[in-house]
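> Sequence:
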Amino acid sequence: MESTGRGTGETRWKVTNRRNGEEARDRDAGEPVKVLVAGGTGVTGRLVRGMLGVVDGIELAYTSRQKPDDGPGRHFPLRIAAGHNEICRVFRKHDWVVNCTGPFEVHADSLARACIDSGTGYIDVNDSIDARRAIMALDGDARREGVPVLTGFGLCPGLSTALLILGARAAGVEEVRDVRVDLRIGADQESGAASVESMFRTIRGGYRAMLGGAIVEVRRNPVSSQSGIGYECPDVDVVREVCPSIRGYSYHVAFDALSDESVEKICTSRLYAMPVVSGLLARLGAAVTSRKARAKGTPQPAELVVALSSAGAGDAGPSAETTVVRATGPGSYKMTAAIAAATVVAVAGKPVAPGCRDLVGHPRLLEPVLAFARDAGIHIEVPHDNPTTGPLPTAAHCDTKEKGKR
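UniProt numbering puts the first residue of the sequence shown at 1, with every later residue one more than the last.
A couple of the hints might just be wrong.
Label pairs and their in silico Cβ distance ranges [claimed, not checked]:
| hint | residue 1 | residue 2 | range |
| --- | --- | --- | --- |
| 1 | G172 | A295 | 45 to 51 Å |
| 2 | E241 | D56 | 30 to 36 Å |
| 3 | H84 | R143 | 35 to 41 Å |
| 4 | P77 | L280 | 32 to 38 Å |
| 5 | A137 | L366 | 20 to 26 Å |
| 6 | R219 | A137 | 26 to 32 Å |
| 7 | G212 | V277 | 15 to 21 Å |
| 8 | R364 | R143 | 17 to 23 Å |
The set of hints was computed from the structure by calculation and includes no laboratory data.
Ideal Cβ positions, reconstructed from N, Cα and C, are used throughout, including at glycine.
Could you build the full structure based on these sequences and the hints that come with them?
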């Protein structure tokens with residue numbers, strides 16, 4: 001990857017060519033890198049296409065179950081329900097697939113498996129713990145077929161993973177006992193139906209976090225949409241690889257556009273417990289929210305904060321040191337798309353080792369991904385040997401039960 005001084009922000013990124021099973025070569029000597037964005041007409045998929053559409057050396061295409069739009073790339077009509085063989089037929093025409101379909105907890109490893117069987121590199125913005133585990137279980141198959149599979153290159157995980165690594169370096173990896181991640185999503189931004197449906201499911205159900213060094217399921221506790229709703233993030237599975245002495249990890253999301261009354265309705269109304277009705281409500285809610293957001297034009301910023309404490313969640317007090325790493329950007333969807341697009345630019349045209357990895361398992365991607373993210377308008381604040389002092393935010397009391405890793 002090299003910068004040519006034009007493009008997203010002030011930089012236009014240039015890549016060299018990589019075809020599966022071949023050595024990297026300069027794109028001027030061969031074909032451009034063929035990248036397919038799966039779910040390319042969704043909110044995240046459209047943004048990824050917009051970012052990759054200005055990258056030199058990429059031949060862009062996208063799939064969707066919708067009609068083609070006027071954005072960049074060649075359109076392939078494709079539904080996940082089309083079946084494995086049809087998906088593979090489309091995928092094998094490309095060097096890389098960027099999976100922006102959702103909900104990931106529903107589709108799990110299906111597209112990653114199709115990429116492995118097609119000999120096509122795979123990148124996703126997966127935010128599901130179970131989907132990550134299913135994808136990572138394909139590591140042997142991916143290595144055997146010589147296919148790189150990169151999972152969790154979105155906002156959480158992805159950018160959150162990068163901030164976790166940076167914060168641990170600043171705090172001292174052996175010192176960190178507790179990590180709390182907070183995402184505040186500003187108002188006036190488009191929403192995808194899959195994300196809204198996942199939000200309904202999370203608000204009504206439990207979520208997994210780390211307490212006392214073990215991954216547990218937290219039973220739903222009444223929370224405010226403004227102080228943060230407990231959410232799941234696959235980083236819970238890798239935090240110990242970054243911070244060996246970790247005892248606690250939690251992830252919370254605050255929605256500026258969601259009132260506490262709305263949260264209460266989602267929690268109590270039986271309509272949201274019916275899968276078909278909940279799906280319809282999610283699509284309706286996403287459509288209305290997106291229409292209003294497009295009318296206003298500019299989304300409010302999103303803020304992602306990773307706080308790393310030298311004391312456990314139950315022990316944090318006045319003497320506990322807390323290192324805070326922060327990222328602020330123009331909306332959570334654009335931040336998600338920026339990390340996915342950055343990953344494509346970082347790996348396209350280069351030999352990438354086969355197998356299933358996330359950012360922790362592929363640390364050489366950290367710097368180029370963050371460089372692209374900054375160029376896309378994400379401001380990242382990292383302390384340099386200057387941790388703030390004070391307790392982590394106090395977590396609400398909640399019941400838990402042991403939930404072992406699968």
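> For every hint, state whether the structure bears it out.
These are the hints, each one checked on the structure:
| no. | hint | in the structure |
| --- | --- | --- |
| 1 | G172 x A295: 45 to 51 Å | 48 Å, holds |
| 2 | E241 x D56: 30 to 36 Å | 35 Å, holds |
| 3 | H84 x R143: 35 to 41 Å | 20 Å, violated |
| 4 | P77 x L280: 32 to 38 Å | 23 Å, violated |
| 5 | A137 x L366: 20 to 26 Å | 25 Å, holds |
| 6 | R219 x A137: 26 to 32 Å | 27 Å, holds |
| 7 | G212 x V277: 15 to 21 Å | 38 Å, violated |
| 8 | R364 x R143: 17 to 23 Å | 18 Å, holds |
Of the numbered hints stated above, those contradicted by the structure are hints 3, 4 and 7, listed in ascending order.
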